[in-house]
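J.: If you're matching them up, the sequences are chains A and B in order.
Each residue of the first sequence is one higher than the one before, starting from 1 at the first, in the working numbering.
Each residue of the second sequence is one higher than the one before, starting from 1 at the first, in the working numbering.
Any given hint could turn out to be false.
Because identical chains cannot be distinguished in the list, a pair is counted as satisfied if it fits within a single copy or across any two copies.
Quick list of in silico lysine to any residue cross-link-like pairs, SDA-like style, CA-CA up to 25 Å [claimed, not checked]: (1) 533 to 435; (2) 246 to 268; (3) 633 to 655; (4) 786 to 592; (5) 400 to 71; (6) 400 to 91; (7) 271 to 228; (8) 193 to 755; (9) 193 to 700; (10) 594 to 136; (11) 246 to 128.
Hint data in this document are derived by calculation from the structure and do not stem from the laboratory.
These numbers were taken from a predicted model, which means no experiment stands behind them.
There are 2 protein chains.
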Amino acid sequence: MGSDDYSDQGVHRDRGLVRVTGARLHNLRDVSVALPRDAIAAFTGVSGSGKSSLAFGTVYAESQRRYLESVAPYVRRLLHQAEDPDVEELTGMPPAVALSQRRTNPSMRSTVGTLSALGNTLRMLYSRAGDYPEGADRLDSDSFSPNTPAGACPDCEGQGEKYTATEETMVHDPGLSIREGAVTAWPGAWQGKNLRDILATLGYDVDRPWRDLPAADREWILFTDERPVVTVHPEREAHRIQRPYKGTYSSARSIVLKAFAEAKNEKRRDKVRAYLRQEPCPACHGKRLRPEALAVSFDGRDIAEAAALPLTALAEALRPHAGAEGAEGVLVGELLDRLRVLEDLGLGYLSAGRPAPTLSAGELQRLRLGSQLQAGLFGVVYILDEPSAGLHPSDTEALKRVLRDIRRAGNGVFLVEHDLDIVADSDWVVDVGPLAGEKGGEVLYSGPPAGLEGVAGSHTGRYLSGEAPALENRRRAPRGTLALRGVDRHNLRGLDLDLPLGTLTAVTGVSGSGKTTLLGAVADAAGENGDVKRVVTVDQRPIGRTPRSNLATYTNLFDTVRKLFASTGQAKAAGYTASRFSFNVAGGRCETCKGEGYLEVELLFLPSTYTPCTACHGARYNPETLAITYRGKTIADVLGLSVDAAAGFFADEPAAARALRALQDVGLGYLRLGQPATELSGGEAQRVKLAGELQRSPKRTLYLLDEPTTGLHPYDADILTAQLQALVDAGGTVVLAEHDLRVVAAADHVVDLGPGGGDAGGRVIAQGRPEDAASAEDGRTAPYLKEVLDRA
Amino acid sequence: MGSDDYSDQGVHRDRGLVRVTGARLHNLRDVSVALPRDAIAAFTGVSGSGKSSLAFGTVYAESQRRYLESVAPYVRRLLHQAEDPDVEELTGMPPAVALSQRRTNPSMRSTVGTLSALGNTLRMLYSRAGDYPEGADRLDSDSFSPNTPAGACPDCEGQGEKYTATEETMVHDPGLSIREGAVTAWPGAWQGKNLRDILATLGYDVDRPWRDLPAADREWILFTDERPVVTVHPEREAHRIQRPYKGTYSSARSIVLKAFAEAKNEKRRDKVRAYLRQEPCPACHGKRLRPEALAVSFDGRDIAEAAALPLTALAEALRPHAGAEGAEGVLVGELLDRLRVLEDLGLGYLSAGRPAPTLSAGELQRLRLGSQLQAGLFGVVYILDEPSAGLHPSDTEALKRVLRDIRRAGNGVFLVEHDLDIVADSDWVVDVGPLAGEKGGEVLYSGPPAGLEGVAGSHTGRYLSGEAPALENRRRAPRGTLALRGVDRHNLRGLDLDLPLGTLTAVTGVSGSGKTTLLGAVADAAGENGDVKRVVTVDQRPIGRTPRSNLATYTNLFDTVRKLFASTGQAKAAGYTASRFSFNVAGGRCETCKGEGYLEVELLFLPSTYTPCTACHGARYNPETLAITYRGKTIADVLGLSVDAAAGFFADEPAAARALRALQDVGLGYLRLGQPATELSGGEAQRVKLAGELQRSPKRTLYLLDEPTTGLHPYDADILTAQLQALVDAGGTVVLAEHDLRVVAAADHVVDLGPGGGDAGGRVIAQGRPEDAASAEDGRTAPYLKEVLDRA
Ligand SMILES: Nc1ncnc2c1ncn2[C@@H]1O[C@H](COP(=O)(O)OP(=O)(O)O)[C@@H](O)[C@H]1O
Ligand SMILES: Nc1ncnc2c1ncn2[C@@H]1O[C@H](COP(=O)(O)OP(=O)(O)O)[C@@H](O)[C@H]1O
Ligand SMILES: Nc1ncnc2c1ncn2[C@@H]1O[C@H](COP(=O)(O)OP(=O)(O)O)[C@@H](O)[C@H]1O
Ligand SMILES: Nc1ncnc2c1ncn2[C@@H]1O[C@H](COP(=O)(O)OP(=O)(O)O)[C@@H](O)[C@H]1O
Ligand SMILES: [Zn+2]
Ligand SMILES: [Zn+2]
Ligand SMILES: [Zn+2]
Ligand SMILES: [Zn+2]
């Protein structure tokens, strides 16, 4: 071994390179590439070119597989993904950590505080260094968490809310009699009639208007805890004969509360919620903690108040205590460290108590990124999925700083990224292309970003060099106005705004400035505007949560396809109708997996995972159904086609061709028809919805889109923008929240919100043509927009 | 980010060092130390000094914790160990892979082939490149595995064995009548009498000697499948009145087979096995595969025959095929690569089919080590637990080569190691000491091995420099002879040997040469020798498999302790007897965990894990019991004492003091009394057993020990040797298999087996005084032994 060669020899031997040889996953064409391990390396390329297949599906998956196989083979079995990386060799790749956007599934109870590990430290601060009332016992840190029995408010069990049923919530029109349906909260059909008959039997007047009944009667009917049993002689109805029966009465309130407690799904719960008033818990005033915990303060605030502050304000409140002795100083110091990172990542407007499910995918990823800096990992490679998603150009500097910090701590950073600023400033670029799917899958370039300009076939190179032409600005005149008045929501305070109709409007502003909130207000205002017939919110929410929903079903394309299969001679001979080709009903589907293609594996303590069906191996159909072919392909084969391939295959079937064309138009030609909804990113889901809309008439329709270019290469963003322009040309109105300034520069109208995020935002800083917004004095968007306009 | 600094900057910034600050786990005294990450670094120190606590408990556990926390927090929760690393800071440490000896729990069905991944490739070779009978279908590789339905012999379900009940196995003495117990296989007590009475009722003669019964009767009694029901009028017995009853007869064979199939534990199964003959399955001749698979050959052998070859022979058989075209050449090449590594690790004598449970911990670890070379990990640190365990000095060169290969592939290697040769040749040494437990826990030195000589207080330094005096050789004359004649077992073929009695004999030889096999033969021969009254085999098998067994219970020390607690005034007042202080019976123990201190968590698909009891937090007792103290300590406190501390505490309690003294004498003073048996290493378990023996008279006792110094620092090996010498001095005979040549040099007699392992071994190469063995011509031990003798 020799006693003096313990330097980084092993590492140097391979010149610090990760080498991929013969990668063939998805559309990758036997790709071989080398890139520096200790660098910030960006994987670029148009959507569907194969960036993720290379960075996540191959490099990450293979490194992860090997490490877990060595450390804990049975754990590896649990994390087993549907696909194994198909790669000949991977050398020089350390263990990796992936922070991707797709697989995020935060639990309802987690918050910004729990995800960033701020919460723990904050609770320790209150426990150790809080101001306690005279004589109070010192509490442990659990007592400051509403998620523990020790901390939860006993009245609302830590929910912070109470639901109450009142006369107003249960009787919507007191002018009606009971027979006419005064008690809106009653169930319908037989059960409602039963209650009415019981009341009649008990002597209540079911024919007088509700408001004219004696107060005591109304009280009893709605709120009694008694459950009298009476013999009911049902009133005769035409064509029906009913016998006397024993009926039990329950008050409307008890029926509603029981239904609420027992609701099986969110939809049902929402329905019942309509008969309930949701109020802050009177005991904790919505703070979710027991009184003993709320009696402890730090810097004059209880912990719930501290958690409600925007992180920036929290940091300001804590700063004066940084020098304190003992635990207080140490804990405050730690909190300030963490807060600084989160502010750097443009998340200073969030509060520690903000529930995770209300965060966007980009916010969530940056939050996780921030906490990684604290995790103290060394010698790993982080693999990130578009960390710039949702970030205003003015915030990318800070993101770059965080990435550099992670690298400086001894780790590599690989990112799939579209933001040209970040790409240009990284150490290395792996450009995949030239186009999507079968037209992509090759590495066009691997080297420092400067070398990418002029690489033949590289769209990234074209945009990076500024060679790509600017988008055309139509300079349309508005066809009308949508007036918003006194909007009070989140950080918008009494906002007035006149939004032009018949144009493309871009709303800009740093993360947290209020763009999404404004879109919500626009949707509400549009409902009351005569000039808008239809409001279409095209958001990034998933289009389905089970593998049962997929691209083909969601777009209705699948109906057409099934009819085509049913029309074949084979199918007719066998007597198969279109429903035979559905995997959602019995008949043609594989019954082992009930047509899902996957079997769910329930794991104790773990989220369930899916494994390919053992009977059909993912085909979803039974062998008889798969015996039927249309132009040589089975129904399962068709579900395996990409949109681009299907467009060729179905070229002469107008209905199918139209749906496929729309998907191609929004840059989704690379998706497979059978791609489960659960596998789509937020941006893809949004564009699928948009494609659906493209097939309807845009006349007097208002389209609202929240950062539609997230996850898109500039090349794809250009295609998408052209589609949106076409919607406006055909009589629609488009309003989008947007960070991509190429797109903003092509808008007819710009509304810049700001100047900052959260309380520091929510105001209109500038509005007008892009040129107007670019010359605004204090806008954080202005200088960046100006640069883009100048370049054009 | 700057486009030209993607070299190993991050790594260099910290000079390639892992830095531990403020480690306080177990006996570690706020240890801070730095060591090179990319080096081969040995952690040294006497047993119990804290090496493992530092290398495994701190560095490994913390690195693992962080990585898993980032990658899969819920997985981390599953792997959660009882203890968290107590360390202030750990920097510069990449993700780690531990191959330790303690936590090995290979399943019955795994073999050398499966553990080394040889098996898979071998099956693929037979599937793709085997010689098939004319017209036979090509089989897939699963068909060559007895563990799959496709491959298992249908007759024995892949077991390779069949159990049959014969007249010989069920009737041991045919001179007895049925009433006298001729049918040995019958159950005893009432059930046996019942069967006899039924036979009598049926008209069989239960008083004639078995051998005189008609053949047809004997056949029916033992083998019938009929189950006649008869009314039995039981024969009267003194003092008993029994009524007539309905009895059902079952043949002896059906009773035995049923009992065997339903046996609840190994002990019961062993008992029943005595009435069965175990035969190779007549269909597959013990090869476990179905005929179609066995019909396929490669190089003239079926796959079972290939798997039965020693790995060295397998490599020789494969070598001529390395140049073949296509799959054959590729697969053979891969097999030869893997085989070379295993041979290098001194495992060439094993066969691919050898079941994992028959391997020693050292063989198992080296096997895993070998397969890691193929795993292709990069940038991790391997942490190994005495990889030299069980290795002959002549094999350590190869081990060092493998460690260097792992490092050259871009990984670090940290090892807890006692072998001075390996320590001297590593890049770095972290020496922990000076002694065990509270007298250890400090880092005495961290640097290149050369610097360790002369470090004050370092026992490792003393031994490394040769400063430590040699062990005294008593040069005893034998008091008699134990003759072994014609021993035929494993690789010993007709071996004759005269073993001196009343001396200390060391058996040497490379791994696989037959040392363990010889010890077994000695044990058997001693049973028939009049001069040996008692044979004590002190092996490395675990002393218990549940946390219910621990050091105190195993050594009976706990009986004494419980009596002491029961004798306190408090206990007497409360009416508590000694059994109150047992955690194995209800009364004093915590009933939540039934006295285990831990709760078992059952996990789907995963081995169960243990978590501290939520009621007693590991104390094992209920609060009432814990209220009783003896000299200020509760019974739980006492279980928490180390042997060394307990020796002080119980100094004036003779019974306890003696047991504790014995444990100290074998170098186990650092163990805690309550240390669960499951936590002991093989070497520790062996020394615990030895300690038990030290308390009995060694007169005419033969002690057999298999590598008792495994896991021992030379300092501890010296102490242990002194104990063994004392046993001989007091009239015993000691025979040990041993690799540590300091110990061998102190033996009265040496038997060197060899020259190689497996078929290349099994012969006596030399025997006599150490000097004689050291001058043997072709012994692989001789040169190393000579060196040690010369040095003394
Ligand atoms: N799970 C999958 N199965 C089959 N094809 C896939 C899968 N995921 C992606 N693809 C296809 O692989 C190609 C590259 O996709 P991807 O790597 O996600 O591209 P990018 O990250 O560049 O947007 C596309 O044609 C896509 O449809
Ligand atoms: N569901 C919510 N609950 C509480 N506060 C919210 C919620 N959504 C947004 N906010 C707050 O409203 C402000 C504006 O947020 P948002 O409209 O999402 O900004 P943008 O879209 O510009 O990033 C921020 O301070 C944000 O924290
Ligand atoms: N799980 C444990 N709990 C408490 N003490 C322990 C535990 N394991 C080991 N120890 C103690 O820590 C000390 C160092 O042990 P260890 O690190 O195993 O030493 P080494 O590896 O040098 O033999 C010893 O006194 C031992 O008894
Ligand atoms: N349980 C077993 N089953 C089959 N072969 C065995 C078994 N135990 C040992 N052997 C074989 O016997 C030979 C001698 O092994 P062993 O006595 O364990 O050697 P040593 O103790 O010198 O390492 C080796 O070839 C080994 O593979
Ligand atoms: Zn409350
Ligand atoms: Zn199926
Ligand atoms: Zn068989
Ligand atoms: Zn307990």
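J.: List, from low to high, the hint numbers that the structure doesn't satisfy.
T.: 1, 2, 4, 7, 8, 9, 10 and 11
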